[in-house]
Every structure is written in structure tokens, then in C-alpha cells.
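**Student:** Sequence:
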Amino acid sequence: MPPACLLCGADAGVYPVCTACLDDLPWHTQPHCPRCASPTPDGSVCGACLQRAPAFDRTVAALAYAFPADRLVPRLKYGGQLAAAPLLGTCLAEAAADAPRPDRLVAMPLHPARLRQRGFNPAAELARVVAEQLGLPLDADCCRRVRDTPPQVALKYDARRRNVRGAFACGGDVAGLHIALVDDVMTTGTSLDELAATFKRAGAREISCWVAARTLPPGEKR
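Counting in our numbering, the sequence shown runs from 3 upward without gaps.
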């Protein structure tokens with residue numbers, strides 16, 4: 003029997019989702035802020051980034067975090083369904099194919115305790131796919147998460163910033179490099195901002211964020 007679609011249970015194809023669900027993927031193609039990928043009317047820098055510029059320089063988001071991506075990403079992140087990684091990674095590689103080419107990719111690190119609990123790092127699974135498809139070096143050793151922070155999902159913006167402050171350490175030589183940080187979802191961007199700031203303090207020249215999905219502002223539909 004053919005494998006079942008991770009989303010609806012119908013027969014799946016090459017990827018672990020059926021053709022109908024694949025066609026429904028919400029590509030993040032609407033005009034958006036080049037810095038954080040939040041939707042804007044004309045593709046200009048958003049007010050939040052003008053008021054407080056993040057440490058990263060740009061964001062590439064493959065999908066909007068809307069149906070069915072908002073079902074697929076949690077299947078990987080929390081459900082342990084690693085079969086979703088090749089599809090999400092391929093979407094991200096396609097979205098980033100024409101972006102400024104980084105010197106290396108770095109996945110958002112998990113704290114060792116969280117990694118032992120979960121058994122894998124979703125961001126690292128995506129980064130491996132992207133690195134292979136775009137022919138980019140993947141550096142798994144240049145940074146680490148030194149604080150086991152509580153999950154960000156239930157926290158508001160200011161609490162998220164406090165939660166990740168000092169959470170990362172950079173142990174590699176990144177001076178003068180363009181680093182692309184890979185993650186599954188960008189919500190407020192606070193974790194990526196803190197990681198980008200850590201790399202900038204270590205001498206990185208430029209930081210891009212490459213994410214499989216970007217959340218939409220409240221009330222915005224796709």
C-alpha cells in the first residue's frame with residue numbers, strides 16, 4: 003500500500019503528503035518586510051524593524067504559517083514525524099535559491115537536555131536538506147545553546163526576549179562570514195535575533211534567517 007498523507011490520510015506521492023495537500027501549501031509570496039518577512043502592504047521594511055532593527059539582516063521564509071503548513075510543521079517539530087523534513091527542507095531550498103549566498107548554514111541549536119528528550123533537532127533536519135540541495139556547507143559545531151530555556155510558544159514578545167537572553171554561545175571562527183540561520187518557524191523572531199546577535203559579536207559580517215514558515219499577524223488570512 004502507498005504511504006498515507008501526513009495531513010489528510012489519503013495516498014501520498016513522492017513526499018509524505020498527497021497531491022491535494024501539496025497544492026494547498028501556502029507559499030510566502032505576498033509583499034513582506036525584507037528584514038523579518040512580516041507581511042507589509044508594499045514590501046517595505048516594517049514598523050517594528052524600523053523602530054528596533056534586529057541583529058539579522060534579512061529573512062527568507064518558504065511558507066506562511068497557515069493551513070496546511072501549520073499542521074505539517076508541528077508534525078515534524080512535536081510529533082517526531084521526520085518524513086516531513088524533506089518536503090519542508092525542499093520548500094526552503096526553493097525559496098532561498100536566489101537569495102544572497104551564505105558562507106555556511108547553521109541550524110538553530112537545541113540545548114543538550116532538549117535534544118535528548120526530543121531525540122532530534124527539527125532545524126538541523128531542515129538544514130541538512132537545504133545544504134544538500136543548494137550545495138552549501140553546514141556547520142554543526144560553531145554554536146551551541148548554553149541555557150535550557152522554557153518553550154517560547156506561550157510567551158509574549160517581551161517575555162520571549164528575556165527568555166532567550168544569553169541562551170547561545172559561539173565557539174567557531176566566523177569572523178567576516180555571511181551565516182544563514184535555519185529554523186522551522188519564525189514567530190516574533192526573538193530566538194533568531196539573539197542567535198544572530200551572538201554571531202555578530204563573534205565577528206560575523208552578515209546574518210540571514212532561512213525559515214520553513216513565517217507566522218502571520220493576527221487576523222490575516224491566506
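Hints are supplied without guarantee of correctness; some may be wrong.
Ranges of calculated distance between the beta carbons of each label pair, as one might list FRET restraints [as the list claims (entries may be wrong)]: (1) Asp25 with Arg167: 10 to 20 Å; (2) Pro102 with Arg164: 42 to 52 Å; (3) Gly49 with Gly82: 34 to 44 Å; (4) Asp13 with Gly173: 18 to 28 Å; (5) Arg116 with Ala161: 12 to 22 Å; (6) Gly178 with Leu140: 34 to 44 Å.
Worth flagging that the hints you see were computed from the coordinates, not collected in a lab. In this text, a Cβ means the ideal position worked out from N, Cα and C, and glycines have one as well.
**Student:** Please go over all the hints and tell whether each is borne out by the structure.
**Tutor:** Evaluated hints:
no., hint, verdict
1, Asp25 with Arg167: 10 to 20 Å, "42 Å, violated"
2, Pro102 with Arg164: 42 to 52 Å, "31 Å, violated"
3, Gly49 with Gly82: 34 to 44 Å, "38 Å, holds"
4, Asp13 with Gly173: 18 to 28 Å, "46 Å, violated"
5, Arg116 with Ala161: 12 to 22 Å, "19 Å, holds"
6, Gly178 with Leu140: 34 to 44 Å, "19 Å, violated"
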